[in-house]
Amino acid sequence: MPKHADVPSIASPMASAASSVPISPAPSVRSVDVSGSSTPTRSTPTAAAEKAPDDSSKLKIFLGILKKFIGVSDIAAVRFSLPAQLLEPTPNLEYWNYLDRPETFISIGDSEDPLGRMLGVLRFWFTKDLKYVKGKPCKPYNSALGEFFRCNWEVADNLPIILGKGAKSAPATNKPVRVSYLTEQTSHHPPVSAFYVDCPEKGISARGFDQLSAKFTGTSIRVTPGAHNLGIFVTLHNRNDEQYQLTHPAAHLGGLLRGSLSVTVTDACFVTCPKTKLKVILNYVEEGWLGKTQNKVEGVIYKCDPEADTRTRVKDVPEKDVVARVEGCWTDKIYFTLGSAPSNKSSDKTLLVDLNPLFPLPKIIPPEDSQLPNESRRFWSGVTEAIINKQYTQATNIKQELEERQREKAAERKARNAEWQPRFFTGVTTPVGKPELSADGREALHGLQMGEWRLKESAETGA
3 MPKHADVPSI ASPMASAASS VPISPAPSVR SVDVSGSSTP TRSTPTAAAE
53 KAPDDSSKLK IFLGILKKFI GVSDIAAVRF SLPAQLLEPT PNLEYWNYLD
103 RPETFISIGD SEDPLGRMLG VLRFWFTKDL KYVKGKPCKP YNSALGEFFR
153 CNWEVADNLP IILGKGAKSA PATNKPVRVS YLTEQTSHHP PVSAFYVDCP
203 EKGISARGFD QLSAKFTGTS IRVTPGAHNL GIFVTLHNRN DEQYQLTHPA
253 AHLGGLLRGS LSVTVTDACF VTCPKTKLKV ILNYVEEGWL GKTQNKVEGV
303 IYKCDPEADT RTRVKDVPEK DVVARVEGCW TDKIYFTLGS APSNKSSDKT
353 LLVDLNPLFP LPKIIPPEDS QLPNESRRFW SGVTEAIINK QYTQATNIKQ
403 ELEERQREKA AERKARNAEW QPRFFTGVTT PVGKPELSAD GREALHGLQM
453 GEWRLKESAE TGA
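Following this note's numbering, the numbering of the sequence shown begins with 3 at its first residue and continues without gaps.
In case anyone wonders, no lab produced these hints; they're calculated from the structure. Please note: incorrect hints may appear among the correct ones.
[Claimed, not checked] Capping the alpha-carbon separation at 20 Å, the derived lysine to aspartate or glutamate pairs in DMTMM-like fashion look like this:
| id | residue 1 | residue 2 |
| --- | --- | --- |
| 1 | 167 | 90 |
| 2 | 305 | 288 |
| 3 | 458 | 318 |
| 4 | 436 | 244 |
| 5 | 141 | 90 |
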């Protein structure tokens, strides 16, 4: 699901004896910096600790705020600030990424078979947002203009190839592969961020803009991609720049009235690859008998000209065009079958991914002394420290100071008739949904790949 706005972050979606394509589990872990500490160093509390509200109390406060926005077409575009006690002590740009299991990302291009690569894309798709499958909806900090976040992952390149033959980067030594991530808040109104993922060793990258639109109905929040969010664009540089576009489905955040948040997805999303002439339609089906949530997903992979194909429903795809089918539970196990036969009539199901043993893998982030003032962890460190110490009034005050500073800088730019220019990307947005790296962006990603954290100070910051 796309990110941003003062609504809790929610999920992106996503018989016979079955063969399997396994992924090794990993324990649930937090991000770590290169010095080995799991959280920034905290100073001695300067204010008395306050009683932490429970989840039910948080929801009541949040619902009271949301009631003011019934009928508003897009609450993501409305300026309002939540009190600190409702927030998760995590920067938005750090919380949001599509790499909860980076090993599924780097393995997308391994197969020599185009269908195998498309199935690799789907394996990545169903693992990219494990934080939602394993956790509960939460609200990280809103991002400030010009704020940025960067990190690495180091993962083993040991996932099995799904179909056909292929090659691994280091099959004998299990040498870790480095994946680098850079994201920057390029616009504040509307809230938009650009991101870029790079793994030169495996010849794969991804990029896109994140923006959401949200509408409160009185009982739930419907979240859809914003106008600038056209999905995730994955490029396989070692496959003649083969490109995949993965669009986001709409989702609903419910349970506000009963005090227990839940996420449902009842929408379709698509994966297209113009070079291989393959397209995927994934249809999410939620409500079953007596309103019980099923979290089911079903889909088809079929041959077409993706740039001309307009079909949006699984049932509209002729059987003669279908090369594989996908089905399962997007919070549990996903299977695929080859050929056009319906999944329930096929005796040859293969397990694409089992999410049950999987947890998000840890990020490697810059040490504090290498972070710039507008780098997410450092920028929000005062708010984070106060929330962790249960000093919610102090946290809210610091948060409001940062927000006021952002407004003052915006007024200064307006007075001198200056437009905001992102540092790491060439523009605030692009009409095709694919951000381009600036010279500083290319330098920052190269530094991440080399393990070099030092960056020069930003010439201008948004807050």
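Hints versus structure:
no. : hint       : in the structure
1   : 167 to 90  : violated, 44 Å
2   : 305 to 288 : violated, 27 Å
3   : 458 to 318 : violated, 54 Å
4   : 436 to 244 : holds, 15 Å
5   : 141 to 90  : holds, 5 Å
Going through the hint list in order, the structure does not satisfy hints 1, 2, 3.
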